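Guided by the hints, dock chain E with the ligand onto chain A, whose structure is given.
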Amino acid sequence: MNGASDAAGMADMVGTAGMTSTTSASNANRGNGTSVWDAVVGQPIVPALQQTVADASASLDGAPSGSMTHAWLFTGPPGSGRSVAAKAFAAALQCDSGGCGTCAECTDVRNGTHPDVAALVTEGLSIKISQVRELVPKAALRPARGRWQIVIVEDADRLGEDAADALLLSVEEPPDRTVWMLCAPTAEDIAPTIRSRCRVVQLRTPPSDAVATYLSTTEGIDKRTATFAARAAQGHIGRARALATDENARSRREEVLKLPFALDDLRQCLDAAASLVDAAKADAERHCDALDAREVDELKRALGAESTGRKPRNMDAAVKELEREQKLRRTRVQRDSIDRALIDVLALYRDVLMLQLGVRTELINDEMRASLDRLARNSRAESTLRRMEAIGQAREALMANAAPLLTLESMALTLREG
Amino acid sequence: MKFRLERDVLADAVAWTARTLPSRPTVPVLAGLRLDASDGTVTFSSFDYEVSGRVSVEGEVADPGTALISGKLLADIARSLPAKPVEFSADSSKVVITCGSARFTLVTLPVEEYPELPQLPSASGTVDGTTFAEAVGQVAVAAGRDDMLPTLTGIRIEIDGETVTLGATDRYRLAVREITWNPVRPDLTGVALVPARTLVDAAKTLASAGDVTLALGGESDDSLIGLAGGGRHTTSRLIDGEWVPNYRRLFPTEIATVARIEIDSLVDSVKRVALVAERNTPVRLAFGDGQLVLEAGSGEDAQASEALPAQVDGPGIATGFNPSYLLDGLQALGTPFVHMSFTDTPMKPVVIQGIDSLEGEPSSGYRYLAMPIRLSS
Ligand SMILES: [Zn+2]
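From first to last, the protein sequence lines are chains A and E.
Residue 1 is where the first sequence starts when you use the numbering used here, and the numbers rise one by one after that.
Residue 419 is where the second sequence starts when you use the numbering used here, and the numbers rise one by one after that.
This is chain A alone, in the form it adopts within the complex (with noise of 0.2 Å):
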């Protein structure tokens, strides 16, 4: 869940609202592997983490605290899985086989219900300073259950400038036992007073096969499928887990990457642009329909509202409480989907770069080629360039909250001249 520039898969997306984190089953159940470290795909650097864990680890009985340090920022492109990896680093370092998989502290880590792991996830466009209020006395803690006291902060770089002088100072001098983690794409999207008081795990986008064998093995989803979902999703695991496992991703993909051959005139241009907000507005109603109607029921339940005798009071100010957040989960959603929509069409005009170019590498949409080949013949890298340059564009507008149609219109102009 890496903001609007991280096309990650709707699973991962869609399973919490603001700090509640709600589990449903398929969540709680999915570490089948023999290892947290399973689900880091691709990732060289997981085995200095590994022995960052056994220094951890020998530090409780008294040893020198080796490479482990209190602030850890993981880095790395959209889709690298840094809140992935940073979960994985804080089950291992709360498990006492160094992060098992299948214990009580690995599981409760994965489910959101260990009482020493506290997370940050934000919908919103930034981290608000209450967020902030909320954590810090958590930070302060003493582990419950004897090991580290863990605040993971996915999307660090939401954090303003009062948001990050706020956790400065936990972060600065924390207890003994406290560990935060934050996550970040980059180091210098962190305030440099905290940046420098971490120590920055640098993820990479993980390789296609990596992934394809992450998908086969872990996930049990044929090679065929594996292999082509990697490829599409360009090392983005969240991405590809959705393409190999969900239809509808797969064909709404397919519809995205026929824009480009439909630009011919003004009403095609605005015809694409509406598609994609309108297909983007379908994905969110897919994915957090069912999923807020849960979160509701659930709640509703569990304050008392299916009994009899007796109203439940403040269920309807906690329900409201509860939609704010699943509607800015929603707005989240609907502008993450146009994102990786622009993701893929940009792989195809990447593509499409490499043939005019005559660069030999495999191609992304290598099952297109034809079409590509005819798009390559019909314009110049200049143009190309152009078109991808406009995409970027309207990517960073829609990450700084434009409205999706106008922003996309003009978008789609600029692809149809070129």
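Hints were generated in silico from the structure; no laboratory data involved.
Worth double-checking, as some hints may not be accurate.
Pairwise CB distance ranges (calculated) [what the hints assert, rightly or not]:
1. E:E530 <-> A:E134: 55 to 63 Å
2. A:D96 <-> E:T444: 22 to 30 Å
3. A:E134 <-> E:S474: 42 to 50 Å
4. E:E530 <-> A:N401: 36 to 44 Å
5. E:S474 <-> A:K223: 53 to 61 Å
6. E:L535 <-> A:S65: 46 to 54 Å
7. A:R224 <-> E:T444: 40 to 48 Å
Residues of chain E placed beyond 10 Å of chain A at every Cβ, according to the derived structure [as the list claims (entries may be wrong)]:
8. R437
9. P443
10. E468
11. K502
12. V525
13. A558
14. P613
15. D658
16. I673
17. R697
18. P754
19. L776
Keep in mind the model is a prediction, meaning the values are calculated, not measured.
Positions of the beta carbon are idealized from the N, C-alpha and C atoms, including for glycine.
Positioned in the frame of chain A, the structure of chain E with the ligand alone reads:
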């Protein structure tokens, strides 16, 4: 599950366990209250990952079992029941509560998803519940309220043999209370920093239980604090990190001037004078010649001045304080007179202690220190 309880017993038990339940739980099951019935005992428990509460009461258990139901709703229902025996009977999906002609059906929540409550750490000793609640209340007035400075929002409990020392500070004042208690071992030592809000609430609600057990645990189970009394158990997370190092040195050792004053009239005067003090400006106190003169405000329009009889021993001294900090200390003493001690400079803190008469010496073990505000001349 099937059992029967007296209404008052039920209402007390449920009110106490449900008081910490959130109105908006982070995980739905955490809104639940767990019922366990077995062998003539019914146990009610609640837990939010930070604070747990458990109370066991005697009841006629016809059919042992376990159920999880909405805690706030149950508390609401329990309060409303007539003074008659209350019967609970549960199947896999609901609990039916009957009391006289009243009948309620509560849907059960999935008890298998409910987190296990932490064990009470091993006991450290026992203390009189009323004394402990009073002591906790006295030091809590000085605890910080800024969540961004978490260690200052705690009350520090220090055990040294037969003495328990409680302390709290927000950097502008410091309150310390010593009490004697019965440790499990005469050489027992230990320290814990407990969130003030939680400790105040726990101590207050256990005050009537007679002896209260404090459980700080040993080396292997010192990650929580437990308090128990009268069939009630509660545990709380602890705050980690450095409190004020060596705080005892903050109390001045060289006393130059001591003033003894009747508290009620001093409190009234401070309140009246403070009315004209702007935010964050001091009330000025000048001691000498058998009286205390209080002043606040500046400029001609907004000035207030009052004089009170005071027994002043030592050279006269004039200093200024944040009026609400002064009032917090004075009102926490619980005695008719106050003993205020100063060094020979108005820049050093005042130490406030309670005395029973104008001739008395402080003996209660409670000391409240307030930093002065520099007076502009
Ligand atoms: Zn494990």
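These are the hints, each one checked on the structure:
A hinted range of 55 to 63 Å for the beta carbons of E530 of chain E and E134 of chain A is inconsistent with their spacing of about 29 Å. Separation of D96 of chain A from T444 of chain E is about 26 Å and conforms to the stated range, judged on CB atoms against 22 to 30 Å. For the pair E134 of chain A and S474 of chain E, the supplied restraint of 42 to 50 Å is violated, since their beta-carbon distance comes to about 33 Å. E530 of chain E and N401 of chain A have their C-beta atoms about 42 Å apart, which keeps the hinted 36 to 44 Å range intact.
Roughly 58 Å separates the CB atoms of S474 of chain E and K223 of chain A, a value that falls within the hinted 53 to 61 Å. Evaluation of the 46 to 54 Å hint for L535 of chain E and S65 of chain A yields a failure: the beta carbon distance comes to about 32 Å. For the pair R224 of chain A and T444 of chain E, the supplied restraint of 40 to 48 Å holds, since their beta-carbon distance comes to about 42 Å. Against chain A, the non-interface label of R437 of chain E holds: every CB pair exceeds 10 Å, the least being about 14 Å.
With a closest Cβ-Cβ approach of about 6 Å to chain A, P443 of chain E is found to fall inside the 10 Å limit, against its non-interface label. Chain A draws E468 of chain E into its interface by the beta-carbon criterion, the shortest separation being 8 Å against a cut-off of 10 Å. At roughly 16 Å, the least C-beta separation between K502 of chain E and chain A is larger than 10 Å, which holds for a residue marked as non-interface. With a cut of 10 Å on Cβ distances, V525 of chain E falls inside the contact zone with chain A, its closest approach being about 4 Å.
Non-interface status of A558 of chain E relative to chain A is upheld: no Cβ of that chain comes within 10 Å, the nearest being about 17 Å off. At roughly 8 Å from the closest C-beta of chain A, the C-beta of P613 of chain E falls inside 10 Å, breaking its exclusion from the interface. Some Cβ of chain A comes within 10 Å of the Cβ of D658 of chain E; the nearest lies about 4 Å off, and the non-interface call is violated. With a closest Cβ-Cβ approach of about 35 Å to chain A, I673 of chain E is found to remain outside the 10 Å limit, as its non-interface label requires.
For R697 of chain E, the non-interface assignment is confirmed: its Cβ lies about 23 Å from the closest Cβ of chain A, beyond the 10 Å cut-off. No Cβ of chain A comes within 10 Å of the Cβ of P754 of chain E; the nearest lies about 39 Å off, and the non-interface call holds. For L776 of chain E, the requirement that its beta carbon stay farther than 10 Å from each beta carbon of chain A is met, with the minimum near 44 Å.
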